[in-house]
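Just so you know, the protein sequences line up as chains A and B, in that order. Residue numbers for the first sequence follow our numbering, so the first one is 1 and each next one is one higher. Residue numbers for the second sequence follow our numbering, so the first one is 1 and each next one is one higher.
One or more hints might be untrue.
[Unchecked claim] Pairs of lysine-lysine, DSSO-like flavour, derived with a Cα cap of 30 Å: (1) A:K194 <-> B:K57; (2) B:K119 <-> A:K555; (3) A:K497 <-> B:K57; (4) A:K329 <-> B:K119.
[As the list claims (entries may be wrong)] A few chain A residues that face chain B, going by a derived Cβ cut-off under 8 Å, partial list only: (5) E313; (6) R316; (7) T365; (8) V477.
Don't read these hints as lab results, they were simulated from the structure. A quick note: this is a predicted structure, and the numbers were derived from the prediction, not measured. A virtual CB, placed ideally from N, CA and C, is assigned to each residue, including glycine.
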Amino acid sequence: MRRITSIADLEALRRKLQEKYRAKKLRIIVCGGTGCRSNRSMEVVEAFKKEIKSLGLENKIDLKVSGCHGFCERGPIVVIHPEQIFYQRVKPEDVPEILERLTRGEVVDRLLYEDPNTGRKIKHVYEIPFYAKQKRIVLSKNGLIDPTSIEDYIATGGYKALAKALQMKPEEIIEEIKRSGLRGRGGAGFPTGKKWEITRMQKSDVKYIVCNCDEGDPGAYMDRSVLEGNPHSVIEGMIIGAYAIGANKGWIYVRYEYPLAVKHATLAVHQARELGLLGENILGSGFSFDIEIVKGAGAFVCGEETALLQSIEGKRPSPRQRPPYPAEKGLFGKPTCINNVKTWANVPYIIERGADWFSSIGTKTSKGTKVFSLVGKVKNSGLVEVPMGITIRELVYDIGGGAPDGKKVKAVQIGGPSGGCIPEELFDLPIDYESLTEVGSMMGSGGVIVMDENTCMVDTAKYFMKFLKDESCGKCVSCREGTQRMYEILSDITEGKASEEDLQLLEELANVVKDASLCGLGQTAPNPVLTTLRYFREEYLAHIREKRCPAGVCKALIKYTIDPEKCTGCDACRINCPVGAITGKPKEPHSIIQEKCIKCGICRDVCKFGAVIVS
Amino acid sequence: MPKIIIDGIEFDAPEGWTILDAARFLGIDIPTLCHHDELSPWGGCRLCLVEIGEGKKTKLVSSCTYPVEDGLVVRTATERVIKARKMMLELLISQCPTSKVLQDMAAKMGIEKVRFKPKWEDCIYCGLCVRMCEEQMMAKAIGFVNRGDKIRITTPFDKTSEVCRKCGACMYICPAIVLRCEGAEPKDVLCGGCLNVLQPTCLEVYGEYACWMGLKGECGTCVREEES
Ligand SMILES: Cc1cc2nc3c(=O)[nH]c(=O)nc-3n(C[C@H](O)[C@H](O)[C@H](O)COP(=O)(O)O)c2cc1C
Ligand code: SF4
Ligand code: SF4
Ligand code: SF4
Ligand code: FES
Ligand code: FES
């Protein structure tokens, strides 16, 4: 494409691209996000290509591969526009039928989503409960456009905000972002406009900006999906930010484990540069800015801003003392504004639609929307974008559909590995930065793990502590030794080896680690322990006093037995036991040799008569 | 010059100083371990913690890394500070009970018991050796590898270093390398009790023998007297 040098050029190009974009009436969008790809969605794409060709529909149907639609669990996902027909778990073999029906204006019933709570088949995207309560800003174009095409982005209004911003004064942009109430989406929620202003005010002729896409939380993939599914929105946000701050160079730090995000971001930067949206004298404004992409080495702590900067500089990523904050003294000693992927991606929408629009969404202190990855024991898991202030209950039940198999939801862990467990009694809590902190949790990057009644809270705390003791950078005694010791005590508790003094020590230690550590990792690492102690202390006490795991999870404290009344002697358990711990003749009640049993639970899963009991 | 208040004393601290610099200048004692005046600040041992801020918004920071800033209010020995420092030392000493430096500090701070299981490790990852080697010996022969509970100090790829001049500076500065007195087997993780009693006990134990630790009766490394 030809390099564009003015705003008028950009608008002319947009009109041309929009015509092309709207030329075909029907649009089939196949999800090409990482989740769907691993379920063979690219084969579905090939099947569509072949079939469309053989039916001679190339001029009627626009086939697109998009980024993640959020409902990965149901992938591969296919959406047909303009009607927004939603097909799930589509296989390449289904393609001919989809097209054949489409030409007759019919749908393929068996590929529609069935609401697990009502059994009703649902035809349109917007009627599916998982999507109905969402409000999509950052994810609004995910699933609509082809992330590898700058044409798609421009045709759907992309880089309009940039054009607008370049006609504003830098101070006006900062004022607008401040008024919008946007706060950092990387976890701590620092007001973005204020951070920009601080960086702008520094006396230095060289300033930098950085986009944090390290996302080391296990199970979280919000940032990945944004960068994979709509990289230009991040780039546009960064150009606007750089202009407002007075920076001429930016970095996108993506973790190495996200190859598709790296690929799409690299391509997008290249395209923007070719078109003149990056580089010298952007759109004739006299402002120059470029972006470099850095691959991170995959440690959780690399997401911490000072460690991340060290990593870009090629050093060992150890967090350092703040102040001085990166905004004062950052990359290579220069003032550096570092924001999360979603923070940058919100910017074009705010500039285009205005601070008032943005601040009308959300609560008093937390504006706009928040992207969560909703996982664990919920019927509908996936990526959701909801207005701030939505309650946990709405998130877990209305969007997530509650726990599967008729189980009760017990708690949610919000905020990633060092977030906190919030019990069911508090589910009417509105989700915003302050409320979550008040109950001992935190917004974090937005991982939400739902736990049902079969979850042991001590075991849960131990699980997160294992992650944290492995991921501590090892600098602080409090964090390095503290997480190891907390893990040790938690292990002892789950094995029935701990005393009440140990519990007291655990609590004392947790409070000190929170207080004494240098960076956010150590300061938040005790959260899973402190919140489970706060809301589920009786579970800890059951392990310690009665040597009993109420949820039936901790192996050392449970015993598998077979109820002779219920056992029909079907032999299923005996055949499936991996260690031959079950004896019994066919048609006679079986029994378990306790010395041999490794408590894997397979017998309970395979027994159709509920005869295997955990006690 | 930034005006700070430290333990109630108003002080114009020169730009670029840390809280620790200011405290030492005023004669306020703050324990340190991973800090060394001639090496770059690190902030790992967390023994030099102090409380900053006023009212409800106070927090603990490591004084060896925290720069003075105008209006800073510092308290160096609050209950919260002492509790955290003691916990740090308890963690350290259970990691490496053989270090004389740690045993002495424990005695001085009045640590009476160690509730964690001893790990008997040889290194506390204070990073002094790494900084010494890089910043003073200009060799960069050793560094940290890995993280979390797998962190170690070693040469690149564990191979004999070609840049190491065997100067021994790393060993000179290491707080873990000088072992606690092995004169009498201590009852548990803690020894160093000798610092807590008025009379040195080594004199009775060793009588006329020479002490290989040096100053007999003054080094403060000997075990506490058997309670009768
Ligand atoms: C251990 C740790 C891990 C972090 N990981 C991330 C991350 O993966 N992505 C991110 O954007 N911020 C992460 N942060 C927060 C960053 O330090 C920083 O606050 C953030 O990038 C600032 O951007 P924001 O103002 O847009 O939120 C992490 C912080 C800590 C302490
Ligand atoms: S708190 Fe933990 S992760 Fe952060 S600097 Fe200290 S040891 Fe490293
Ligand atoms: S729990 Fe596993 S090991 Fe034990 S009896 Fe059942 S199948 Fe065998
Ligand atoms: S070897 Fe000694 S100086 Fe080096 S990190 Fe370990 S304890 Fe510190
Ligand atoms: S990858 Fe397809 S819905 Fe997430
Ligand atoms: S002396 Fe300050 S943290 Fe070690």
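Evaluation of the provided hints:
1. Between the alpha carbons of A:K194 and B:K57 the distance comes to roughly 20 Å, so the proposed pair stays at or under 30 Å and holds.
2. Proposed proximity of B:K119 and A:K555 is supported: the alpha carbons are some 26 Å apart, at most 30 Å.
3. Distance check on the hinted pair: A:K497 and B:K57 sit about 39 Å apart at the alpha-carbon level, beyond 30 Å; violated.
4. For the given pair, A:K329 sits about 39 Å from B:K119 by alpha-carbon distance, which is inconsistent with the 30 Å threshold.
5. Taking 8 Å as the C-beta contact cut-off toward chain B, the hint placing A:E313 at the interface is violated, the least distance being around 15 Å.
6. With a least beta-carbon distance of about 6 Å to chain B, the hint placing A:R316 at the interface is held under the 8 Å criterion.
7. The criterion of a C-beta within 8 Å of any C-beta in chain B is not met by A:T365, whose closest approach is roughly 17 Å, and the hint is violated.
8. Annotation: interface hint on A:V477 holds; nearest CB of chain B at approximately 5 Å, less than 8 Å.
Hint violations for this structure: numbers 3, 4, 5, 7, all remaining hints satisfied.
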